[in-house]
Amino acid sequence: EVQLVESGGGLVKPGGSLRLSCEASGFTFNQAWMTWVRQAPGKGLEWVGRIYIQSDGGATDYAAPVKGRFTISRDDSKNTLYLQMNSLQTEDTAVYYCTTYLRGYLEYWGHGTLVTVSP
Amino acid sequence: QSALTQPPSASGSPGQSVTISCTGTSSDIGGYNYVSWYQQHPGKAPKLMIYEVTKRPSGVPDRFSGSKSGNTASLTVSGLQAEDEADYYCSSYAGRSVVFGGGTKLAVL
Numbered sequence: 001e002v003q004l005v006e007s008g009g010g011l012v013k014p015g016g017s018l019r020l021s022c023e024a025s026g027f028t029f030n031q032a033w034m035t036w037v038r039q040a041p042g043k044g045l046e047w048v049g050r051i052y053i054q055s056d057g058g059a060t061d062y063a064a065p066v067k068g069r070f071t072i073s074r075d076d077s078k079n080t081l082y083l084q085m086n087s088l089q090t091e092d093t094a095v096y097y098c099t100t101y102l103r104g105y106l107e108y109w110g111h112g113t114l115v116t117v118s119p
Numbered sequence: 001q002s003a004l005t006q007p008p009s010a011s012g013s014p015g016q017s018v019t020i021s022c023t024g025t026s027s028d029i030g031g032y033n034y035v036s037w038y039q040q041h042p043g044k045a046p047k048l049m050i051y052e053v054t055k056r057p058s059g060v061p062d063r064f065s066g067s068k069s070g071n072t073a074s075l076t077v078s079g080l081q082a083e084d085e086a087d088y089y090c091s092s093y094a095g096r097s098v099v100f101g102g103g104t105k106l107a108v109l
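Residue numbers (the numbering used here), protein chains in the order written: chain E, 1 to 119; chain S, 1 to 109.
Treat the hints as calculated values from the structure; they're not laboratory data. From a predicted model like this one, the values you see are computed outputs, not experimental measurements. Some hints here could point you the wrong way.
Stated by the list, open to error - Listed below are the simulated EDC-like cross-link pairs for lysine to aspartate or glutamate, each with C-alpha atoms no more than 20 Å apart in a straight line:
#1 S:LYS44 / S:GLU83
#2 S:LYS47 / S:ASP87
#3 S:LYS44 / S:ASP84
#4 S:LYS44 / E:GLU23
#5 S:LYS47 / E:ASP56
#6 S:LYS105 / S:GLU85
#7 S:LYS47 / S:ASP62
#8 S:LYS47 / E:GLU1
#9 S:LYS47 / E:ASP76
#10 S:LYS47 / E:GLU91
#11 S:LYS105 / S:GLU83
#12 S:LYS47 / S:ASP84
#13 E:LYS43 / S:GLU85
#14 E:LYS43 / E:GLU91
#15 S:LYS55 / E:GLU107
#16 E:LYS67 / E:GLU107
#17 S:LYS47 / S:GLU85
#18 S:LYS47 / S:GLU83
#19 S:LYS68 / S:GLU52
#20 S:LYS44 / E:ASP56
#21 E:LYS43 / E:GLU23
#22 E:LYS13 / E:GLU91
#23 S:LYS44 / S:ASP87
#24 E:LYS78 / E:GLU1
#25 S:LYS44 / S:GLU85
#26 S:LYS68 / S:GLU83
#27 E:LYS78 / E:GLU91
#28 E:LYS78 / E:GLU46
#29 S:LYS55 / S:ASP84
#30 E:LYS43 / S:ASP87
#31 S:LYS47 / E:GLU23
#32 S:LYS105 / E:GLU46
#33 S:LYS68 / E:ASP56
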């Protein structure tokens with residue numbers, strides 16, 4: 001059974017930093033492209049970014065609102081995906097989901113972790 | 001403002017069919033056959049319902065179907081059931097990004 005378990009969310013002040021983790025199991029993690037998607041309270045889904053597999057160069061792509069502030073990385077030895085978030089703003093408040101990614105679709109989702117940015 | 005445009009709400013009675021539209025551009029929906037749809041119940045993570053325009057993942061009822069014409073994709077739910085009441089989001093591959101619609105709240109009356 002595929003499982004994605006996010007952790008690391010919490011309350012942080014504007015300008016602060018936070019690192020989210022997503023532990024994967026039930027599939028070959030090092031062969032899976034992965035993404036982060038977020039959802040602000042009462043709002044729709046927003047793509048944050050994705051990371052390729054290492055054999056594809058491990059490249060990353062980001063949505064415009066987070067580019068330069070957020071960094072996606074992976075540790076295939078730990079089956080774990082990360083999202084480093086710096087210079088956080090109140091508009092970054094959201095539930096953050098990690099997902100698998102293949103040809104534009106997101107098949108498996110974690111349960112999400114809530115990030116609240118507030119003074 | 002979302003990249004893809006969906007109606008904010010839709011509704012139907014049990015047993016009826018309802019279609020939700022999703023309009024994009026030639027840079028996303030119109031340029032690739034990589035449209036997907038997600039169902040989200042309150043407080044839950046989204047669930048993949050349709051991928052690559054028309055394909056259903058294992059376990060998704062065949063009451064759910066997808067299509068595309070030009071820059072507009074559609075999700076049709078036939079034989080509506082109470083458990084279909086949820087938010088539905090369309091999504092499309094857009095080259096080096098993924099774009100979502102704003103979501104449609106489906107009510108089963």
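Okay, the hints, checked on the actual structure:
1. S:LYS44 / S:GLU83: The given pair, whose Cα atoms are some 14 Å apart, holds under the 20 Å limit.
2. S:LYS47 / S:ASP87: holds, 10 Å
3. S:LYS44 / S:ASP84: Holds, because 14 Å separates the two Cα atoms, which is no more than 20 Å.
4. S:LYS44 / E:GLU23: Distance of about 19 Å is within 20 Å: holds.
5. S:LYS47 / E:ASP56: Violated, at about 27 Å.
6. S:LYS105 / S:GLU85: Answer holds: S:LYS105 to S:GLU85 is near 8 Å, not above 20 Å.
7. S:LYS47 / S:ASP62: holds, 15 Å
8. S:LYS47 / E:GLU1: holds, 15 Å
9. S:LYS47 / E:ASP76: violated, 25 Å
10. S:LYS47 / E:GLU91: violated, 25 Å
11. S:LYS105 / S:GLU83: holds, 13 Å
12. S:LYS47 / S:ASP84: holds, 12 Å
13. E:LYS43 / S:GLU85: holds, 17 Å
14. E:LYS43 / E:GLU91: holds, 12 Å
15. S:LYS55 / E:GLU107: Satisfied, since the Cα-Cα distance of roughly 12 Å is no more than 20 Å.
16. E:LYS67 / E:GLU107: With a Cα-Cα distance of about 24 Å, the restraint between E:LYS67 and E:GLU107 is violated, given a limit of 20 Å.
17. S:LYS47 / S:GLU85: holds, 13 Å
18. S:LYS47 / S:GLU83: holds, 13 Å
19. S:LYS68 / S:GLU52: holds, 10 Å
20. S:LYS44 / E:ASP56: violated, 32 Å
21. E:LYS43 / E:GLU23: violated, 26 Å
22. E:LYS13 / E:GLU91: Answer holds: E:LYS13 to E:GLU91 is near 12 Å, not above 20 Å.
23. S:LYS44 / S:ASP87: Judged against 20 Å, a Cα distance of about 11 Å means the pair holds.
24. E:LYS78 / E:GLU1: Status holds; Cα separation ~18 Å.
25. S:LYS44 / S:GLU85: Satisfied, since the Cα-Cα distance of roughly 13 Å is no more than 20 Å.
26. S:LYS68 / S:GLU83: Violated: S:LYS68 and S:GLU83 sit about 25 Å apart, past 20 Å.
27. E:LYS78 / E:GLU91: Since the Cα atoms of E:LYS78 and E:GLU91 sit roughly 31 Å apart, the hinted pair is violated (cutoff 20 Å).
28. E:LYS78 / E:GLU46: Judged against 20 Å, a Cα distance of about 27 Å means the pair is violated.
29. S:LYS55 / S:ASP84: Satisfied, since the Cα-Cα distance of roughly 18 Å is no more than 20 Å.
30. E:LYS43 / S:ASP87: holds, 11 Å
31. S:LYS47 / E:GLU23: Satisfied, since the Cα-Cα distance of roughly 19 Å is no more than 20 Å.
32. S:LYS105 / E:GLU46: holds, 17 Å
33. S:LYS68 / E:ASP56: Given pair S:LYS68, E:ASP56 is violated - Cα atoms ~30 Å apart, limit 20 Å.
In terms of the numbered hints stated before, the structure departs from hints 5, 9, 10, 16, 20, 21, 26, 27, 28 and 33, listed from lowest to highest.
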